[in-house]
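**Q** Chains as they are written, first to last, in my numbering: chain A, 1 to 507; chain B, 1001 to 1379.
Worth double-checking, as some hints may not be accurate.
Using C-beta positions, here's what the derived DEER-type ranges look like [stated by the list, open to error]:
1) A:89 to B:1355: 43 to 53 angstroms
2) B:1048 to A:394: 55 to 65 angstroms
3) B:1345 to A:369: 51 to 61 angstroms
Simulated from the structure, these hints should not be mistaken for laboratory data. Since we're looking at a predicted model, the values are computed, not measured. For every residue, glycine included, the Cβ atom is placed at its ideal position computed from N, Cα and C.
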Amino acid sequence: MENKKMPALEMRNITKKFGDFVANDNLNLIVQKGEVHALLGENGAGKTTLMNILYGLYTPTSGDIFLNGVRTNILNPKIAIENKIGMVHQHFMLVKNFTVTENIILGKEKKNKLGKLLLRKSKKDIVALSKKYGLLVNPDDKIEDITVGMQQRVEILKALYRGADILILDEPTAVLTPQEIKELGIIVKNLTAEKKSIIFISHKLKEITQFADRCTIIRRGKLIDTLNVTDVTEHELASKMVGREVNFKIEKKKANPQKPILKIENLVVKNNMGLVAVNKLSLEVKAGEILGIAGIDGNGQSEFVEAITGLRKAESGKFSISEVDLTNKTPREIFLNKVAHIPEDRQKFGLVMDFSVKENFILQTHSYAEFSDKGFLKNKNVEDFANKLVAKFDVRPTNINKKARDLSGGNQQKVIIAREVTHDPQLLIAVQPTRGLDVGAIEFVHKSLIKQRDEGKAVLLVSLELDEVMNIADRIAVIFEGEIVGIVDAKKADINQLGLMMSGGKL
Amino acid sequence: MKKNKVIKFFTESNKAFTLISILLGFIIGGLILWFSGFNPFTAYAVIFKGIFSKPSYISYTIIRSTPLILTGLSVAFAFRTGLFNIGAEGQYIVGSAAAALAGYYIQLPAVLLIPLVILIAIISSGIWGAIAGLLKSKYGIHEVISTIMLNWIALYLQNYITKIKGFAKPNSEASKFIQDAANITFFDNWKHSDKGMAWLNNHHFAKEILRTPANFGIIIAILCALLVWIILNKTTLGYKLRAVGFNKEAARYAGINIEKYMIISMFISGSLAGLAGALHVMGVSHNITNLSAMEGYGFDGIAVALIGSNAAFGTIWSGFLFGALKYGGTKIQPFMGAPSEIISIMIGTIVFFISMPNIIKISLNKILLKNKKRGEDVK
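Go ahead and model the full structure; you've got the sequences and the hints to work with.
**A** Shown next, in the form of structure tokens:
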């Protein structure tokens, strides 16, 4: 063993205040060369703030940053890049109609004396770089034509092209399929083999135990602990992150399925490119059960849900709710037949972000006699209703006049769930209901779904997280290329068997 | 500490921020005057006097502001529902042409004729606006493109109308005047009668006011602002329109027919701009003329809406500011030979700073930070 190594990065006593709000309170972070260091914390714990300080997007209120032992003032991202720090944001910063090469060299173009862009030379460099780290990309593809996973590779290459030694990955797996996550794991290994340090921001415990060597846990801006990942269990990490015991295993009673509510027969739906995305799909969801749909992203789940919520036209086949045919009816008619929907993209479909919480609560029901009279809103009733829901579903902050935009992801989801289940639905469709949520909020969402089931509602859960489907659902239907390839009892389900079905293997 | 609170107020409050932008507009306008060899203080004094020193000046300022408030409301209403109505100009023209035609041809007593003329103008200009909404919802044609084209169609439509036999005034480029029953100028007949003139000669203030085409328009414009505020904030219609404006996808998902409400929004927006034209015809010009170019009330409405933060009452104030500057600005040319275009530069500057809020916010935040550090050092 060498002597005590100089850490690649040390952030010492970092405090960042926004007005009276302390986002980072005296935080310390030490990252060694060649290690994967996870930064774990709930949404709003201060992970991203800390990284934005490191990347020069914010200046800390107090505290110092040392790079390879040298105190460095990182006033802006340019200085960060000069000091070999690279950041891959959760939402990619790429020019959609530029090629991979053009995106990577943007801002650091190679030119000859006359100022001519040396694209061919740059392309060679990029190919060499991508081979070195196993980050295979086609340098001539346009960004808009490649998958999200590929785009992430481009972002990583962009940072490496600028010579990054410390790479910040902000929630890198949030947008990836299980396969892509595996591939990312290999890339991360290749990078650390070359003595690059990686800071891995996440709130997914499983990934932290998979990817990281060490882990720093932040809660409400305060440092909780830094520990070796091999020394702890996922459960311990979770308790430290949330600050209390967390139930991983959801307690639920045996399902008591009744008559079928949702009946789908030979449904065919096309995607935006006019190709068949849902292929003669037939399915039944009964009252009092949760049917989970498991599958890899892009196997027709979105089109399927859009069709049964009235957002997309079905080509053929039909579906009904309690014997009422609702094929190709408007979202309004489907809503009026007591179908509630927790949409996949809550900010795009579920909420009007610039509306207040109370306004969001009445999105579908504002014209009801309860909330309006001769075209005028009954503000008092709306406020009473909103206050009741905020209290019942523990939405924070409790101010019903706050804009949805100002709420955390978990609380935004609470607003949607509160609104949807209050309509007393026959069928609740939940799509990726825990995407981007932290442990505490996930627990809440899961409990709410099970509560709906226990109240005798039919629940359709569509999720890309296999663990979620296996924990919550009573029956699991596996979707592959728009077809249901098999339905299994959740209690008897085996993850390998499901994985095989999800990738098209037959039983 | 007090200073910080002041700065905080300015960085966080929308109104204060607008005031700063206006102040910057005055400062930069003043600098330009100074560079061109004019004393900016004299120029502003002339403008100020030109607006407030006589009752007739104030009256003219109000008359100038009336159409701007309404076209500002028109643009602001569309903005609030997610649409960019550049067509207020064309809707203004359609409103004035419809009012001129109805006010000339329809024979009814004033009590009935005035509301009817206004109604006809509102409906025609509303339909003119709704065409753009329809094109957008049915064929996805962007309203900016379609409304610009509709502006020119409206202009040539009016020029055609002014040439209709019987309606055109012989040997002129204008139409015939509307009937007295459709006239909303205060005491228009009486003040030109011998009796009226005799009375006015003894009552100086009233004479000053009635020298101008002072009319009911401003009252209607302010009522419209109130109406817009009520529609947007208190009704389910406004709720739906705002939902569509903020997030079409969520509105569609919630079962709101977004195509329908896009058309309704453009109808209301168009009718507000058309009302501006109608009130101008009924209260000021009493006829329409052959247009060689756009008059600009509709385009100015975009700046008025922007300065008024797209809020109903904000638009009243910014309409007055705009009208006052436009009217007062004409005075510096005859008085001191300074170009009255300086007003356009000032308005441009104000719009410039309002469109880039972060410039002011960032610089103020820096001051705030410095003060804070200084405060900590003292401790």
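**Q** Hint by hint, note whether the structure agrees.
**A** The hints, checked one at a time:
A hinted range of 43 to 53 angstroms for the beta carbons of residue 89 of chain A and residue 1355 of chain B is inconsistent with their spacing of about 27 angstroms. Distance hint check: the CB atoms of residue 1048 of chain B and residue 394 of chain A are about 57 angstroms apart, consistent with the given range 55 to 65 angstroms. For residue 1345 of chain B and residue 369 of chain A, the Cβ-Cβ distance of about 55 angstroms falls inside the hinted range of 51 to 61 angstroms, so the restraint holds.
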